[in-house]
Amino acid sequence: MSASLEKGIHALKEQVDSTVAAFFSSCVHCGMCADACLFYTETGEPERMPINKVEPLRRIWKSEYTLLGRIGKLFGLTKKVDDKLLTEWETLVYDSCTLCGRCSMVCPVGNDIALMIRKTREGMAVAGHAPEGLIGATTRAITIGSPMGVKLPALQAQIRHVEESTGKTIPVDVEGAEYMLLLSSMEIMNFPEFIEAVSKIFDRAGVSWTISTEAFEATNSGIQIGVSDLAAELVQRIVDAAEKLKVKTVISPECGHAYMAIRWEGPNLVGKPFSFKVRHILEVLNELREQGKLEISSRETQKLTYHDPCQISRRGGVINEPRSLLDMVADNFVEMPDTGKMNWCCGAGGGVSSNERADEIRLKVFQRKKEQLDAIKPDAIVSACSNCRLNLEDALEEYNMDIPLLSLTEMLADHLAD
Amino acid sequence: MSDRKNTAQADLTLGEVLRKRGISRRSFLKFCAATASMMAMPPSMVPAIAAALEKARRPSVIWLSFQECTGCTESLTRSHSTTIESLIFDHISLDYHHTLQAAAGTHAEAARIASMEENFGKYLLIVDGSIPMGNPGYSTIAGVSNHDMLMETAKGAAAVIAVGTCAAYGGIPHADPNPTGAVSVGDLIKDKPIINVPGCPPIPVVITGVLTHFLTFGELPELDHIGRPMAFYGKSIHDRCYRRPFYDKGLFAETFDDEGAKKGWCLYKLGCKGPTTYNACATTKWNDGTSFPIEAGHPCLGCSEPDFWDGGGFYKALSMPTENITQNIIYAAAGAAAAGVAVGALNRAKKSKAQATHQKVKLEDLNK
Amino acid sequence: MSEIEFLDWVRGPGFQIAAVIFVAGVIIRILEILMLGRKKNLAEARGSEMLGGLRTIVTRSMHDKATFQRSAFTIVSGYIFHTGLLLSIFFFAPHILMFKEVFGLSWPSLPTPVIDALAVISIIALLTIIARRMSNKVMRFLNTPGDYLAWLLTITPLVTGYMAFHRIGLPAPTLLAIHILSVEILLVLFPFTKLMHAFTLFMARWYNGAISGYRGVAS
Ligand code: SF4
Ligand code: SF4
Ligand code: SF4
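Chains as they are written, first to last, in the working numbering: chain A, 1 to 418; chain B, 419 to 786; chain C, 787 to 1005.
If you're looking for bench data, these hints aren't it; they were derived computationally from the structure.
Source: prediction; values computed, not measured.
Each residue gets a CB set at the ideal place from its N, CA and C atoms; glycine is no exception.
Misleading hints may appear alongside valid ones.
Which stretches of chain B does chain C cover? Using the computed rule of at least three CB atoms under 8 Å from a CB of chain C, they are [unchecked claim]: (1) 563–577; (2) 662–668; (3) 683–694; (4) 700–714; (5) 719–727; (6) 752–765.
Taking lysine-lysine and the DSS-like style, the derived pairs with C-alpha atoms no more than 27 Å apart in a straight line are [as the list claims (entries may be wrong)]: (7) C:825 to A:7; (8) A:293 to A:303; (9) C:923 to B:768; (10) B:680 to B:667; (11) B:778 to A:272; (12) B:680 to A:84; (13) A:303 to A:244; (14) A:364 to C:923.
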């Protein structure tokens, strides 16, 4: 067990780049990011405002990378990063931030605070200040292959169930397939209907696809805990499998941070561009729609709304696709107030859901979502992230709200023309 | 103004002198009223002023000229017509004045000494010109250095009037680099009331106004923080400038011959020092009330202010830096670019080092 | 030192010193930031970094309705104070002359009564801002001495400028000199306080927009 303060400081030093320096130099202490963050708006506790969460990183930037700070350091005038600080900040950096990036959208000087929190976690983790839950998830991801401990036999069993119920074979380890589908453990364990839905749609559209038995897990706890080396290891498994099967495109499933991990951080983590493309399942479905390969025979009539998963919409760029798909299948689609790239987080992303210590605050900040839902009172909520889905179901129950959660992919499959 | 004439008039009051010169009672009162208003006194004071002036005995005045150009004397004596102001000036017993007195050499000096002894404690000392302190030989009169003569003459003076910016604040001789070590009267004399009547030259009416006040009340008028009579120096040129509306509207002459100049727009951009200059030019004007520099199309030079000569160019607007800084800014930018690159390189090196010494994080590294 | 000497000093050597420190400080600070560099993004792009960056530089000055409502006070007071400050700095005729003298560029000015009003508005806005800074929960939490310093450095030239313009309290040359001196103090401390955001905000916005723009999101 070798986490140490020195390692943490060292990691923070590595994280400072021109963006971080520009952001810290620009902050005017206006406080607007507080109003954008559900962890502040729902708790009213100023220490949970976004820019405060990156204080450890700020101290390192100030004392190591600014002229005045360097001089100040000589005279012992700069504020130090120590274990006391990191202990105090643990609950801010991990429990009170979902890396949703909403703060980064409103800061008037343009600070990408979420990015800095992501970077701050790199220091916290190796200093031994990551939450138990996330350490556990990461350990399982690295050693077992899934944060929830899902092993290959479990997947195989689910595949068998699906094959039995649909009568169609799920292509596994097919070399040269066009698409390689990744899954999240949550889908395998909680929502196997997803596999069924994808298989149905792809089959109908005549898409060549496969699932790899060597790399099926899409989630990446390494990113949530903030250890790039471990995250890279997890990404590399997927890269190896995709290259081995010579697929053209890897599909990220209905999971927000999995998309962030493989689509946007992936190549940067492993240090070279991918030889294949990465697409979110909704992007693929929308492409099929555009090509006329996604025909539906019936439509949803109930009042639906769409919950944008932060990492897919605001941080991922998949904003229009779900709406185009919903237009196709839903008669009564209503947007929540604050939607698309300005949507409010469900409160469970960024590793918060794997961190039991954060359960209470996670449910508390859900009030933000509740308010949004109360404003439009939908019959059902559609989303595209199993993590959001699990959390919304849990929280809705907690708040005695009876609104079912639907997966967009599954919904499309349900209305597919025969 | 020979000695003889002085003695002949010695016992006459000002009223008698004026009547002898054929000035009517009416114009005398008009003068008193004008003086009162000029000195910002209520009209109710006019009879008092008239009565006091009527009875005023001619004071003895000694005028010392040091490092000066005689412009101040010129200004005072070059009135175009006989005015009451000039008569008041005539009325005083000017016992010593290089330019105006008939006597010369030892006679002149004797007159000064005589007057000092006769009127000890009562005479007025007027000084124009600054006093060189660098070397007593820079400026002497009858072998006496300016400094010594000033100190000697000031001893018995009731009050000292420093006429002109040189006497009041050092003026042009004092301008950078001040080769003679010129100083003002006020720099040397600390134990006498001093009135500064600065200007290069000062407005004649101001000098007579001050004399009138002294004759009327036997004391000095109210002075501002640098010894100038408030009545004349209480407001800035800019405050009373007739071009002010153009300043407020943002209409400026850009050159001396452009449309703006022809239309009489504000001269700020041409370097006008009106906003920082306290003087009466804009109201009393020059050459018998004909005009004043701004009216003639030239920016105010600020001549009634200390150090006006060092203000960084008469044609540089007040808001402009007085030195040429563009060059230095370019040097600073170049130097800073180099320094910045060095600081940046240090940052880079530190970061590269951090990255180079990166130890691959393993699962064990997550726990303490 | 006579008041005109004081004025001459601030217009001469004082201004030199301030301008040199300001220019050098800003350049060093900017290089110190930029030279840290950042890694090239290896992920397949979904949009343009450059366009995204430039877009955010502009659009970050406008907020969506909900954000505006949430932070109305900050946005409105910030807008008023910045507009008033920038207009009175850059569109007051005497100031333009200064820029012309130093940089050789000039542009039309606003009428002085307009500038006068803008200065008053900015001063009032700044006073409400400090009142809020001292009363609001989040602001109080964030406050550092640097925040008060920056506020002081900003309001002083406005107040002294107003006083110099209206000749309040002291002789005009002294007021003008104090005004110029207050600006010089501002210039000297500028690169080392949060005032630096006036320059770095363009970098920050660009980075923010570039990071998002690369992923196809207009931030
Ligand atoms: S990323 Fe989201 S949760 Fe984290 S600080 Fe910003 S707004 Fe709050
Ligand atoms: S919104 Fe931006 S500038 Fe304002 S306090 Fe937060 S990080 Fe700083
Ligand atoms: S001309 Fe000079 S004194 Fe007159 S308004 Fe313009 S700046 Fe002021």
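To see whether the hints hold, each was checked on the structure:
Taking a C-beta to C-beta cut-off of 8 Å, the segment 563–577 of chain B contributes 0 residues in contact with chain C, too few for the three needed, and the coverage statement is violated. Counting residues of the segment 662–668 of chain B whose C-beta sits closer than 8 Å to any C-beta of chain C gives 4, which meets the bar of three, so the coverage hint holds. Coverage of the segment 683–694 of chain B by chain C holds. Counting CB-CB distances below 8 Å, 4 residues qualify, and the rule asks for three or more. Here the segment 700–714 of chain B counts 0 residues with a CB under 8 Å from a CB of chain C, which misses the bar of 3, and the coverage is violated.
Chain C is given as covering the segment 719–727 of chain B, and this holds because 5 residues of the stretch bring a CB closer than 8 Å to a CB of that chain, at least three being needed. Residues of the segment 752–765 of chain B lying with their CB closer than 8 Å to a CB of chain C number 10, which satisfies the three-residue condition for coverage. With a CA separation close to 22 Å, the supplied pair residue 825 of chain C and residue 7 of chain A stays within the 27 Å bound. In summary, the hint linking residue 293 of chain A to residue 303 of chain A is supported, as the alpha carbons are separated by about 26 Å, within the 27 Å threshold.
With a C-alpha separation of about 38 Å, the suggested pairing of residue 923 of chain C with residue 768 of chain B is violated against the 27 Å cut-off. A hinted pair counts as satisfied when its Cα atoms are at most 27 Å apart, and residue 680 of chain B with residue 667 of chain B qualifies at roughly 17 Å. A C-alpha spacing of about 18 Å is found between residue 778 of chain B and residue 272 of chain A, which places the hinted pair at or below 27 Å, so the restraint holds. For the hint linking residue 680 of chain B to residue 84 of chain A, the alpha-carbon distance of about 75 Å lies beyond 27 Å, and the restraint is violated.
Distance check on the hinted pair: residue 303 of chain A and residue 244 of chain A sit about 44 Å apart at the alpha-carbon level, beyond 27 Å; violated. Using a Cα cut-off of 27 Å, the hinted pair residue 364 of chain A and residue 923 of chain C holds, with the two alpha carbons roughly 20 Å apart.
Hint violations for this structure: numbers 1, 4, 9, 12, 13, all remaining hints satisfied.
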